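Student: Sequence:
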Amino acid sequence: MVRKIYHLLSVIVLISASQTFVSCSNEEENETPKEILLNGEKLEISVGEEAFVAPIKMRATEQEKDSTVDLGNGIVAKMAMTADRTAPTTTAAATRATTMSDGHYTIYILDASGNRLTGTDKELSGTVTGGNFVPDHQASIKLPNGTYTFVCHNDAVVAQGNNLKITNSSITTTCPMIGVVTKTLGSGTAHISFTLKHYAARVRTEVTTYTAYAEMDNNNSSFSSVSNGLTELSLSLKGDAPSRAASGSMMYTEASAKQFENVGAQAYSSVVKPFKTNGNYVYIPLAPGETIAVGDLKYHFNGKIYGKAANAVFPNKEEMQANHSYLITLKFASKTPLLLFQDGTVGYKGNESAGRVPVGVVTKEKTVETDTGTAMALNNAGDAIFYIPIAGNYLLPYSDTNVGQLFDIETDGLHYTYEYETGTSFQGHLSGPGMQFPPAAPVSDYQENGNYLYPAFHMAAHYAPGVPTQNLGKWFLPTGSQWRDALMPILKLPKTKFEGVNSDGQFTEYMQFLSDPDADFDALGGKVTVPLSLPTLQALFTAVGGTFPDGLYNVAGGFTLAGNRVHYIVAQPTRIVTTWTQMADMFPAHVRPFVHF
Numbered sequence: 006m007v008r009k010i011y012h013l014l015s016v017i018v019l020i021s022a023s024q025t026f027v028s029c030s031n032e033e034e035n036e037t038p039k040e041i042l043l044n045g046e047k048l049e050i051s052v053g054e055e056a057f058v059a060p061i062k063m064r065a066t067e068q069e070k071d072s073t074v075d076l077g078n079g080i081v082a083k084m085a086m087t088a089d090r091t092a093p094t095t096t097a098a099a100t101r102a103t104t105m106s107d108g109h110y111t112i113y114i115l116d117a118s119g120n121r122l123t124g125t126d127k128e129l130s131g132t133v134t135g136g137n138f139v140p141d142h143q144a145s146i147k148l149p150n151g152t153y154t155f156v157c158h159n160d161a162v163v164a165q166g167n168n169l170k171i172t173n174s175s176i177t178t179t180c181p182m183i184g185v186v187t188k189t190l191g192s193g194t195a196h197i198s199f200t201l202k203h204y205a206a207r208v209r210t211e212v213t214t215y216t217a218y219a220e221m222d223n224n225n226s227s228f229s230s231v232s233n234g235l236t237e238l239s240l241s242l243k244g245d246a247p248s249r250a251a252s253g254s255m256m257y258t259e260a261s262a263k264q265f266e267n268v269g270a271q272a273y274s275s276v277v278k279p280f281k282t283n284g285n286y287v288y289i290p291l292a293p294g295e296t297i298a299v300g301d302l303k304y305h306f307n308g309k310i311y312g313k314a315a316n317a318v319f320p321n322k323e324e325m326q327a328n329h330s331y332l333i334t335l336k337f338a339s340k341t342p343l344l345l346f347q348d349g350t351v352g353y354k355g356n357e358s359a360g361r362v363p364v365g366v367v368t369k370e371k372t373v374e375t376d377t378g379t380a381m382a383l384n385n386a387g388d389a390i391f392y393i394p395i396a397g398n399y400l401l402p403y404s405d406t407n408v409g410q411l412f413d414i415e416t417d418g419l420h421y422t423y424e425y426e427t428g429t430s431f432q433g434h435l436s437g438p439g440m441q442f443p444p445a446a447p448v449s450d451y452q453e454n455g456n457y458l459y460p461a462f463h464m465a466a467h468y469a470p471g472v473p474t475q476n477l478g479k480w481f482l483p484t485g486s487q488w489r490d491a492l493m494p495i496l497k498l499p500k501t502k503f504e505g506v507n508s509d510g511q512f513t514e515y516m517q518f519l520s521d522p523d524a525d526f527d528a529l530g531g532k533v534t535v536p537l538s539l540p541t542l543q544a545l546f547t548a549v550g551g552t553f554p555d556g557l558y559n560v561a562g563g564f565t566l567a568g569n570r571v572h573y574i575v576a577q578p579t580r581i582v583t584t585w586t587q588m589a590d591m592f593p594a595h596v597r598p599f600v601h602f
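Its first residue numbered 6, the sequence shown is counted upward by one per residue in our numbering.
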């Protein structure tokens, strides 16, 4: 029994040792480099590719050629095709290290008459990774001495009978490449060096939006031929003599969802910044010497910009050639107002969410983070009188010597609402019982017998947009210049329209607008109006979730000392009227808060 067990153990050990030896032998065999022999000698093959070049015809002035398309949904798209000068170039095969694109390659042989040699030993294939060419299998090629043509192509090129074909059914993310070398075999070490030519124009797309990234769709870019001339490309076995099929697919598309990727990971900001989304390189098959005429290629873009569908078609405004690299730049601008959101960032209507809500229209953009921006509230805070009478005096929290020129008053409404004479000098003018003005309180919070002295200022200061806010300043009643600076960008009005407007003009007294905000009058006191399209203004605010009623609006500041006139603006269908009253304690006007951020 002991002998049997010992014998069995011996067999197991021998088998194990044998298996170990076989395993090691297999590993060593697998690690043996695959070689290619030509007539018994090791064949060295080096493969590189020519460098893409920037189109030399696209000079500085020509690079400015662009196509602008109004998409009809508040978005304007501008497309330009320029030379792609930023992409790294590749190194052609030479004595130094070569660079070639990763992928799978095939090499076949033609005799001196141009006939393809057949047989398993007359074709090679291999994979390139990181610049290293590894043949698919060991090969031994036997050729009589003579002159032969070796042709190398990647898998974007297909051999069919006596032709090479490059399909155009889709944009390829692999550039079709073909290299041809003529070699006379005689003596010496066999060495073949290919420099592959690019049989395509290379194109990439850069999308620029502002305040938020573009949202790209699948199948988001494609090209179509106007002339129907970009059909399947056929070539001779040497890669020359190009011809096109009489009919076939005219559309090049790229279906990869990852064709476009955001550049960086930018967050929403209080500053209007460009957000870039880049596309991969794609390749439109073209043989050397072929061109695409200006206007023959249509670029189709599909995506979502600022929450809106963006579908646009642009013609190429440059002739396109093989082995040239092009950059399509697309810039999308919004015609709708720039919005201030509750978190202090800016953006457009389509970029809101449950946690990101607009609270105002930006009237002064920030250029850097440390700058100060300004926004107008989306809605009125309500209606309020300008002040209440105190012991027979009309005491106003401002004094300005800019006689009657309401829109020329440059003082910040924030100053009037919160900071004007909060010390004893202003309080010394107040008399009568019930006065309440704590030293730390702004004038907008001064009270008499429980009533605020300046209701319009108080209403603006305590405006609540309906959602909690952060990174915003204080809401305030705007001055005439802040109204001007708001209406200029919103309505595209030049500053000259506001210059010289006299708010003390005759027959513009407040009373006539009480019963009819759109009342007409004879302007005998000089320039008292600014052109306005109130329906346009109202439509702009409606589109972003706001309102803008007609009628009178309170304004901080003006040519008014105690006991004199208080000035307003009146929003009418076709104009803004500057007006005044000496009874500001009797009749309310709209309160439109502004805020800095």
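Honestly, the hints are just simulated from the structure, not real lab data. A quick note: this is a predicted structure, and the numbers were derived from the prediction, not measured. The reader is advised that the hints may include incorrect statements.
[Said to hold, decoys possible] List time: in silico DSS-like cross-link candidates among lysine-lysine, alpha-carbon distance up to 30 Å:
1) K340 - K303
2) K170 - K278
3) K322 - K303
4) K354 - K502
5) K313 - K354
6) K83 - K371
7) K188 - K322
8) K371 - K243
9) K336 - K322
10) K243 - K47
11) K303 - K170
12) K281 - K322
13) K303 - K281
14) K83 - K336
15) K500 - K369
16) K47 - K278
[What the hints assert, rightly or not] Listed next, with one range per pair, are the computed distances between beta-carbon atoms:
17) G77 - K278: 46 to 54 Å
18) A56 - P279: 49 to 57 Å
19) G269 - L42: 23 to 31 Å
20) D222 - D376: 13 to 21 Å
21) G300 - K500: 19 to 27 Å
22) V268 - G387: 42 to 50 Å
23) V268 - Q475: 25 to 33 Å
24) R580 - P279: 22 to 30 Å
25) H109 - A544: 24 to 32 Å
Where is the CB? At the ideal position from N, CA and C, for every residue including glycine.
Student: Work down the list of hints and note, for each, if the structure agrees.
Tutor: The hints, checked one at a time:
no., hint, verdict
1, K340 - K303, "25 Å, holds"
2, K170 - K278, "46 Å, violated"
3, K322 - K303, "10 Å, holds"
4, K354 - K502, "29 Å, holds"
5, K313 - K354, "9 Å, holds"
6, K83 - K371, "24 Å, holds"
7, K188 - K322, "42 Å, violated"
8, K371 - K243, "60 Å, violated"
9, K336 - K322, "16 Å, holds"
10, K243 - K47, "25 Å, holds"
11, K303 - K170, "23 Å, holds"
12, K281 - K322, "23 Å, holds"
13, K303 - K281, "22 Å, holds"
14, K83 - K336, "5 Å, holds"
15, K500 - K369, "14 Å, holds"
16, K47 - K278, "59 Å, violated"
17, G77 - K278: 46 to 54 Å, "26 Å, violated"
18, A56 - P279: 49 to 57 Å, "30 Å, violated"
19, G269 - L42: 23 to 31 Å, "51 Å, violated"
20, D222 - D376: 13 to 21 Å, "35 Å, violated"
21, G300 - K500: 19 to 27 Å, "41 Å, violated"
22, V268 - G387: 42 to 50 Å, "45 Å, holds"
23, V268 - Q475: 25 to 33 Å, "28 Å, holds"
24, R580 - P279: 22 to 30 Å, "37 Å, violated"
25, H109 - A544: 24 to 32 Å, "58 Å, violated"
Comparing the model with each earlier hint shows violations of hints 2, 7, 8, 16, 17, 18, 19, 20, 21, 24 and 25; every other hint is respected.
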